[in-house]
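Take a look at the letters that make up each chain.
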Amino acid sequence: MKKGLLSLLLLLFLPVVGCWVSAQQYTGMMGLLHVPSAETDTVENLRLGVHTLPVDMMPDGIRIEGEKYASTNWYVSAAPLKWLEVGYSFTLTKHHKNMKKEGEIGFYSKDRYFSLRLRPLSEGRYWPSVVIGGNDVIGQRDGDSKSFYFRNFYVAASKHIDLPFGEAGGHLVYRKWTKSYNSRWDGVVGGITLRPSIYRPLRMIAEYDGDGINIGADCRLFRYVQLQASLIKCRYPSVGGAIRIELK
Amino acid sequence: MKRRLIRLICLLVLVPLSRQATAQQATAPARQLELFCGVTLGYADTNWLRLYDVQINATPGLRWHLGHDWSIAAQGLIPVVSDGLTFRDITNKYWRFNMATVSRQLHFNSANQHLRLTAGLFGDERYGVDVRWAWPVNDWLLLNAQAGLTASWMMGTDFKGSYDADLYSDYKVTGQVGADVYLHPQNIEFRLSGGRYTGGDYGSQLDMMRHFNHITLLAFAQLRFGELEANLYDKKKYRTNGGFKIIWMLPPYKKSSRKVVVRPASNFLLSHNTRADGQSMQTYRIDPEENSRERLVDVDWGLRKEVSR
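Chains E and F are the protein sequences, given in the same order.
If you're matching positions, the first sequence starts at 26 in the working numbering and goes up one per residue.
If you're matching positions, the second sequence starts at 149 in the working numbering and goes up one per residue.
The hints are simulated quantities; they were obtained by calculation from the structure and are not laboratory data.
The beta-carbon is built from N, C-alpha and C at its ideal position, and this holds for glycine as well.
A hint or two may mislead.
Estimated spans, in silico, between C-beta atoms of each pair [what the hints assert, rightly or not]:
| no. | chain 1 | residue 1 | chain 2 | residue 2 | range |
| --- | --- | --- | --- | --- | --- |
| 1 | E | T97 | F | D231 | 13 to 21 Å |
| 2 | F | P400 | E | G149 | 40 to 48 Å |
| 3 | F | R179 | E | F178 | 43 to 51 Å |
| 4 | E | I186 | F | P400 | 44 to 52 Å |
| 5 | F | K403 | E | V250 | 30 to 38 Å |
Capping the alpha-carbon separation at 20 Å, the derived lysine-lysine pairs in PhoX-like fashion look like this [stated by the list, open to error]:
| no. | chain 1 | residue 1 | chain 2 | residue 2 |
| --- | --- | --- | --- | --- |
| 6 | F | K402 | E | K273 |
| 7 | F | K393 | E | K273 |
| 8 | E | K184 | E | K107 |
Kindly generate the complete structure, drawing on both the sequences and the hints.
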């Protein structure tokens, strides 16, 4: 019985051995949970996914009748080159149906944005990888957009070291949000990751996003599926999944 | 109006076909009939009633290779899901004809010049004649141009669902010239083009592509000149536009030598256009399986034909 269980587990794990990098942020870009990182994927790829955003991850500027609410983020992102990653996301937003006050409230609209990451320096033996990037980087209406709810720019550095029980990563980021209502996530943020040697596709994450501590984990299953689960501020659950297609 | 169309087709047929014109590369066998079907997914964010207006069509088509680089192609539209878009355009609900073309490719190999002449009912509701030229200068540079004399046509249904067809005489000359640069080890391609479009507007476009075995990722940027009230919704006259495309080639990837081939459409295209006004810098399609990854003129340049599918 034990042998059978072991064989089954091995069978499950085999397809994912060999592709360690497993990361997913709520925007579809590489990163930690609510904090970007300088990690990049090992191969060019395309991702299509969805991620839930608890109230605490939503910008204060997105409200309906003065109340904040939880939502979901849908995205398609791609790494056409190993040093370049681009993404297109939309976050569902609530409004009155047909913009009439008496209309029911529901997810009748969305906030769309592009994300971009460039890696000028890849990780070496003694130095970290460095990534510069941003979310909501292009204004939709020739620069006069009043939204930019998710607009932020950052510089991130990541370094990994091998330990007897797995691979540990340290991630340091300086991030600036352009809207003042998002300022609680400004400044120096970062996190640590651990990829246990007994199951390398799993990555455990703890991070500080400027406003609190978040914990979570992500995992790649069967090469094509990427999952992430987290507790924002160690309290509010957030989950996401994506289809990941390797491009060759 | 039908006479005019027949005249245009005859004109194409009577184009002096040089005997020195030979195929640039092995193409589908003569008399091969390809039957295929694709899917189009249209979505538009235009109101506060739903997240997206959605239109899903099945697009059955055929291509008949007549030999000597002649081919006939046709395509129909079968609406599968029509949520929202029908509210404005009732024709989206009905089965209809989308394209019928006859085309001839001319390959002047000694001069390294390649042409494609097409006539008929084009996609995007234009009809007329179209000529495309390609000159692979070397292994990284290709010069190309396109010119067309087209007018608008409509073949579908009226508001009562009755069958209706119209060929208008609002002829317009359109054309673009372009230069394509291919970086071989990286499989990166840049295409810069500019010219006159079907709305009568002028503009320039830059495409940046990264090719993979069966997928191409494309980002584009457009700059428009001339007066055109482009956006119906906010009445703004945008001069800039951008977006991306994901071109997904579908199996089977190899050409069959059978006389009759039944297969899915060669590709699925996901296209995002930021402005999506449907008016500025518009062109028309002359092939039911047209996509940015494969060239309409068969030239052995850039992405190798054997890996293009």
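Tested hints:
1. E:T97 with F:D231: 13 to 21 Å: The hint (13 to 21 Å, Cβ to Cβ) holds, given that T97 of chain E and D231 of chain F are roughly 20 Å apart.
2. F:P400 with E:G149: 40 to 48 Å: holds (44 Å)
3. F:R179 with E:F178: 43 to 51 Å: At roughly 60 Å between Cβ atoms, F178 of chain E and R179 of chain F fall outside 43 to 51 Å, so the hint is violated.
4. E:I186 with F:P400: 44 to 52 Å: Hint holds: Cβ distance 47 Å, inside 44 to 52 Å.
5. F:K403 with E:V250: 30 to 38 Å: holds (33 Å)
6. F:K402 with E:K273: Holds. K402 of chain F to K273 of chain E sits at ~18 Å (cutoff 20 Å).
7. F:K393 with E:K273: holds (18 Å)
8. E:K184 with E:K107: holds (17 Å)
The structure shown violates just one earlier hint, number 3.
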